[in-house]
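There are 2 protein chains.
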Amino acid sequence: MNNELILKGERAKKAARALATLRSDVKNNALFAIADGLVAGTDYLLQNNQIDMKNAEEKGMPEAMRDRLLLTEKRVEDMAEGIRQVAALPDPVGEVLGMTKRPNGLLIGKTRVPLGVIGIIFESRPNVTADAAALCVKAGNAVILRGGSEAIHSNLAIAELMRREGEKAGLPEGAIALVEDTARETAVALMRLNGYIDVLIPRGGAGLINAVVKNATVPVIETGTGNCHIYVEQSADLAMAKNIIINAKTSRPSVCNAAETLLADRAIAERFLPGALSDLAKAGVELRGCAETAAIFPAVKAATEEDWATEYSDYILAVKVTDGIDDAIAHITQYGTKHSEAIVTTDYNKSRKFLAEVDAAAVYVNASTRFTDGYEFGFGAEIGISTQKMHARGPMGLTELTTIKYIIYGDGQIR
Amino acid sequence: MNNELILKGERAKKAARALATLRSDVKNNALFAIADGLVAGTDYLLQNNQIDMKNAEEKGMPEAMRDRLLLTEKRVEDMAEGIRQVAALPDPVGEVLGMTKRPNGLLIGKTRVPLGVIGIIFESRPNVTADAAALCVKAGNAVILRGGSEAIHSNLAIAELMRREGEKAGLPEGAIALVEDTARETAVALMRLNGYIDVLIPRGGAGLINAVVKNATVPVIETGTGNCHIYVEQSADLAMAKNIIINAKTSRPSVCNAAETLLADRAIAERFLPGALSDLAKAGVELRGCAETAAIFPAVKAATEEDWATEYSDYILAVKVTDGIDDAIAHITQYGTKHSEAIVTTDYNKSRKFLAEVDAAAVYVNASTRFTDGYEFGFGAEIGISTQKMHARGPMGLTELTTIKYIIYGDGQIR
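Chains A and B are the protein sequences, given in the same order. All the letters of the first sequence, read from the start, carry residue numbers 17 to 431 under this note's numbering. All the letters of the second sequence, read from the start, carry residue numbers 17 to 431 under this note's numbering.
Some hints could be false.
If several chains are the same, the list does not tell them apart, and a pair holds so long as it fits within one copy or across any two.
Taking lysine-lysine pairs in the BS3-like style, the calculated list, with each CA pair at most 30 Å apart, reads [claimed, not checked]: (1) 184 <-> 30; (2) 90 <-> 298; (3) 230 <-> 29; (4) 126 <-> 70; (5) 369 <-> 117; (6) 75 <-> 298.
These aren't lab readings, by the way, just hints derived from the structure by calculation.
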């Protein structure tokens, strides 16, 4: 067993017990103190970040990735502001979700309680440290974070300030922990830390998610992969459909709720595709189409089987002509990742059919898939987007970082 | 990969898509038809059960276990009656759990949908086949069952009748499957059938649960182990306390919600323990106590460290004198399995403290832990009792066999 993890796990378990009954105002004040502490410690954070930046440059990390790693005065202020927003959200813990009176007089209720100890494994962006820790603590959980080696100096500095300011303001010792050892085996050991970790949430690319699913023996909430489709049904308002696919593909192609494939019914393909695809091409999108698409709009590359299954996370879009709604739903069922799927239609029955038959975390009628997001859904925060069916599905806010317990009031009932 | 599992997995996935939108009345009629079919096929079931019974005898299976394996006319009728009760329950699928209107006009709602394909690994009692399959199908899920080799002929016969009658009444092919291969490796392969199984629920002893937690790569709902405590706080009504501990220990010692340890405050130990323990002894309970208990009631064996951590599932009770509520909660935190815990008290503050600080699926004031059960909680059915915190906690009914999806109505919104 890994000594660092056992030690941090023991402390986190103890902290979780104290956090579970900590008053909201104490948690909130601690989060405000942490936010102020990060801003006050900006110089210290930037110095440590510079070590990571220098190492990244020496290792030849690409520009775009180095930008994700970089901390600036503005980014530290944003990080603090994010924590203040979490502090301002309502506390989900302690809510009683109804009680029922049984025939024998027992009063049985459900109350919302923290999960306990949450493990977070994440990649590159150091602001995840602050963000994830704040959400976990607000929902009454202790957190053990494990970031990548490329950001270790930044992450350690952030975690140190958060821990110090948090404990000064009343958080129990061990509520926020960061794993210092960045060896791969330590990440695997964290995935197998049964008895200490109640739930593990990986935040990162497909490689990380797969490694967690394969290796973890603790309960996991899978997040991330989104191979999302926009389906333009033949009754669609075609101007609306064009707006939606351009938005879903180009407003932020790197995120999981961006569209990867456009499906268009044969009946409107000749009217819809030329205008929509040429606008997409003008916006810098590379197009890969089926044979029918190519016949209508020759400036597309031929799509392969692999294209239908790929989350590009880039300015690339697969395009397929479909033979009506059943064909479109069959394609989504075969290639989708159950993240976000949208139909554009003016047909009442088709909208109902799509909502009922498509199996995904979020199913849209006449809107962009880009709305699958905790803030856009009105949760005020987001720890990730679950693509599994157990426990949480879709954007996860504070509520999804809690569980329930049954509380039962009796007067001597026996069975 | 295992061919039988892949084939059954493919069929189950297909069936799950059809089941997800199957009308409640079709599902209910299929369940009634299955119940009638089992009763009509009683002779066939008993013949196959006799093969298992004969094998069990030849292998020297203990009497008590053979009784669990035995099917009789009455037990088949009970099995059918259980299925009819499930058919009569309200269908959880399709319920819309509120919708919110966002500032941009999007209407975002949550609707209850089936989990998809549920795997159930269970031991010995063949009625689990009928019971679990009925619950899964009612909640719109396909199910792949894997029972033990000792009951394989009984299980195959039950599954065959259920499948035949179910399909005749409109269930999709593959909705109910039983794994025929009883090799251990096949069970492990089922635990790793990612892409086919959405949730795996083990039903059985600690050995099975541990094997599943260690080996599974599909999402698991842990069930079962219950090291439950009755804590008699010093202000307790001692007659009530005696009733509760006798009920919690002796009404059915083999089940997971039975009490395993009695904690009694020092202030009432001399008044409470002699009467309670002598009644427990008269009821056939072997007592294992701490030194203080032995000083008060000499007819106890000395409890070891192991006793505090053991789920006896038998007429054995550990007894410990505690130094007030903090000591009792610390003991429960250290040795409990987060299943069911009870305090007997007349003190308002102590009751609130116990409910808040004890981390378990069900926390009781002045009632027996034996009520932790889907039927007693008013769910009308139970697939098991979850002892994990993710997805479901405590007794799991039909609702816990579902998940949600977000449905979003727009009129062209982009982000």
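Going down the list of hints, with the structure as the test:
no., hint, in the structure
1, 184 <-> 30, "within (17 Å within a copy, 56 Å between copies)"
2, 90 <-> 298, "neither (33 Å within a copy, 74 Å between copies)"
3, 230 <-> 29, "both (25 Å within a copy, 21 Å between copies)"
4, 126 <-> 70, "neither (52 Å within a copy, 47 Å between copies)"
5, 369 <-> 117, "between (39 Å within a copy, 22 Å between copies)"
6, 75 <-> 298, "neither (35 Å within a copy, 76 Å between copies)"
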